[in-house]
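Enquirer: Just so you know, the protein sequences line up as chains A and B, in that order.
The working numbering numbers the first residue of the first sequence as 809 and each following residue consecutively.
The working numbering numbers the first residue of the second sequence as 809 and each following residue consecutively.
By construction, these hints were calculated from the structure, which means they are not laboratory data.
Take the hints with a grain of salt, since some may be wrong.
[Said to hold, decoys possible] Short, incomplete list of chain A residues facing chain B, as computed with Cβ under 8 Å: (1) THR852; (2) ILE1051; (3) ARG1080; (4) LYS1087; (5) LEU1088; (6) GLY1129; (7) MET1131.
[What the hints assert, rightly or not] Interface residues of chain A toward chain B, partial, derived using beta-carbon atoms under 8 Å: (8) PRO838; (9) GLY864; (10) PHE1083; (11) VAL1089; (12) GLY1120; (13) MET1128.
Remember, it's a predicted structure, so these values are computed and weren't measured experimentally.
C-beta atoms are modelled at their ideal positions from N, C-alpha and C, and glycine is treated no differently.
Number of protein chains: 2
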Amino acid sequence: MSRRLASLPIDLDDVHRAAERLDGVARRTPVLTSRTLDERAGTTVALKAETFQRGGAFKFRGAYNAISSLPAASRARGVCAVSSGNHAQAVAIAAGLCDVRATILMPADAPALKRVATEGYGASVIEFDRYADDRDALVIELARERGLELVHPYDNRFVMAGQGTVALELVAQVDALDVLLVPVGGGGLISGCATVFAATSPGTRVIGVEPAASDDTARSMRSGRRERVAVGATIADGQQAAIPGELTWPVVHELVAAVVTVDDDQVREAMRFCFERCKLVVEPSGATALAALLCGVVPCDGQRVGVVLSGGNVGVAGFMGIMGG
Amino acid sequence: MSRRLASLPIDLDDVHRAAERLDGVARRTPVLTSRTLDERAGTTVALKAETFQRGGAFKFRGAYNAISSLPAASRARGVCAVSSGNHAQAVAIAAGLCDVRATILMPADAPALKRVATEGYGASVIEFDRYADDRDALVIELARERGLELVHPYDNRFVMAGQGTVALELVAQVDALDVLLVPVGGGGLISGCATVFAATSPGTRVIGVEPAASDDTARSMRSGRRERVAVGATIADGQQAAIPGELTWPVVHELVAAVVTVDDDQVREAMRFCFERCKLVVEPSGATALAALLCGVVPCDGQRVGVVLSGGNVGVAGFMGIMGG
């Protein structure tokens, strides 16, 4: 391993160990192709459909890798997390499988469907006020008070390595890729995927895609250091990070070729394309990487492109609200 | 082969020959599973997702098998079909692949998306008035006048055998099934599938599912002969047949265990379940078999159940209209 890779928080071995833990537990999600998509994009496109992962998004991989790796004493005390979305469900499912109690902080105005799903997986939910409370301070306080292990949605080596198993599967499922497009929020998914590609297919350019309203990682790539942004409104609610993670950023900075942004209309177009042409339900945050391809934000003519569809958790009513808007 | 099977219009060999023609041309569609679905249905369910077939529905299999089997002289003259839906696109794609000219009669009020798609695949479209014209007479007249080969959507041995490849794939993809649920319109899909199961897995009960508004096959099963019904309004527009096919009926009568019906609300519930829990876009006619399972129309507790999701051709606007209604 080169010195630059050796200094990073995770390496390929961590991802391989995650894959062993996830074997038979996480779903090996299918790679889907579409002639219509290839024609539209002028490329050969492989869609890695994490929409079919347990809990409906890639998040399960990292959460399970983290919780199943905890020492027995921590498992006995339980875990906690803060999330209004896919990480909440992922931690709830993973904790249930590991026989660990999970407590999830969720905004009081989180969609009822998501709260019900999280509780349905056996987790306890505590509400907070999305606008008045500091969620990070709250969850740290909760963890300290109750002696719980905090499962961070991205700034956690086991979470990052777990998300990297998306790429580990993908390299085994397809021929060599020229480009891999990955949605970016806090950077957990892309740091895991970039780690795998840097070690196994260094010629593949790994490119991140953020919503324009939350372009902290794109800005950070330009300046070369972690930039904090004021997060704007976007339908891509799973990617509203204000600043790249402390652990994810060095990996992204070192191994990711570029980070680009897409706007909400481009995300809607990608969701519509998935629905009408690929017959796939993809949530806004799950569709940003495809949006960058379809809208030409990343020119990929004639290249072999992998695209991670990272999640599909949107209800019929939510979908209609997004597509009608 | 038993005498009763030998007297039917198609047999397993026909389906095997269809599979050879379709090899590398049709998509081998995935079988999807869902823990949530298994829990909800109290069974082990295998979803055969023909939504991912070329043209978005199983219809491509039969159309390609029929057109590619035509003698050279017929191919040189061209083919025709009448359809407002999936059969139109299937014939258009299949004809294009066989370098055969296709003329499709479509109702003047067919969704623009479907007309554009059909023309996009290279077919010529001729409009007719859904309410004033007799579509069957029109297409027979068109075939006669222009010397075209009429590709019937179901009453054609090659079409029936082609649709049977759905079942041929399924038996290779899953362990033995106790029950197979199949949407029924004219009977092409279920006659092909029942032929395969009767020959390879006679213990599997093949059950058809119709919309209640078009229950000709269910009535025919009760009376033992082809019954004609006045077709009512239903969102399951791909299954609005008035009478079972002449060729399909003997197969259905002989090999299908039962035909049940579902109403539009049950179909909507199945579409919503597919969307929210399986992340799959399924059109109304494609969801009827799942509706029968989810709504308990066919009790399957503890059994191993296969369900054909036969098509996914519904646009975002159409979907919103159906789910909002």
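Enquirer: If you take the shortest Cβ to Cβ gap from ARG1080/A to chain B, is it below 8 Å?
Expert: 5 Å, holds
Enquirer: Can we keep the PRO838/A interface hint, with Cβ of chain B closer than 8 Å?
Expert: This interface hint holds because 6 Å falls under the 8 Å limit.
Enquirer: Given a cut of 8 Å on the nearest C-beta pair, is the interface hint for ILE1051/A held or broken against chain B?
Expert: Where the cut-off is 8 Å and the nearest Cβ of chain B is about 30 Å from ILE1051/A, the hint is violated.
Enquirer: Hint check: is the beta carbon of THR852/A less than 8 Å from a beta carbon of chain B?
Expert: Given a least distance of 16 Å, the restraint on THR852/A is violated.
Enquirer: Any CB of chain B closer than 8 Å to the CB of PHE1083/A?
Expert: Constraint on PHE1083/A satisfied, holds at 5 Å.
Enquirer: Once the shortest beta carbon distance from LYS1087/A to chain B is found, is it less than 8 Å?
Expert: 4 Å, holds
Enquirer: Verify the interface restraint on GLY1120/A: the C-beta must sit less than 8 Å from at least one C-beta of chain B.
Expert: 4 Å, holds
Enquirer: Can the hint on LEU1088/A be confirmed by a CB-to-CB distance to chain B that is less than 8 Å?
Expert: 6 Å, holds
Enquirer: Quick check on GLY1129/A please, does its C-beta sit within 8 Å of some C-beta on chain B?
Expert: Since the shortest Cβ distance to chain B is 10 Å, the answer is violated.
Enquirer: Can the hint on MET1128/A be confirmed by a CB-to-CB distance to chain B that is less than 8 Å?
Expert: 5 Å, holds
Enquirer: Given MET1131/A was flagged as interface, is its beta-carbon under 8 Å from a beta-carbon of chain B?
Expert: Result: holds, 5 Å to nearest chain B Cβ.
Enquirer: Holds or violated: is there a CB of chain B closer than 8 Å to the CB of GLY864/A?
Expert: Holds - the Cβ of GLY864/A comes within 8 Å of chain B, reaching about 7 Å at its closest.
Figure legend: structure checked against the earlier numbered hints; hints not met, in rising order: 1, 2 and 6.
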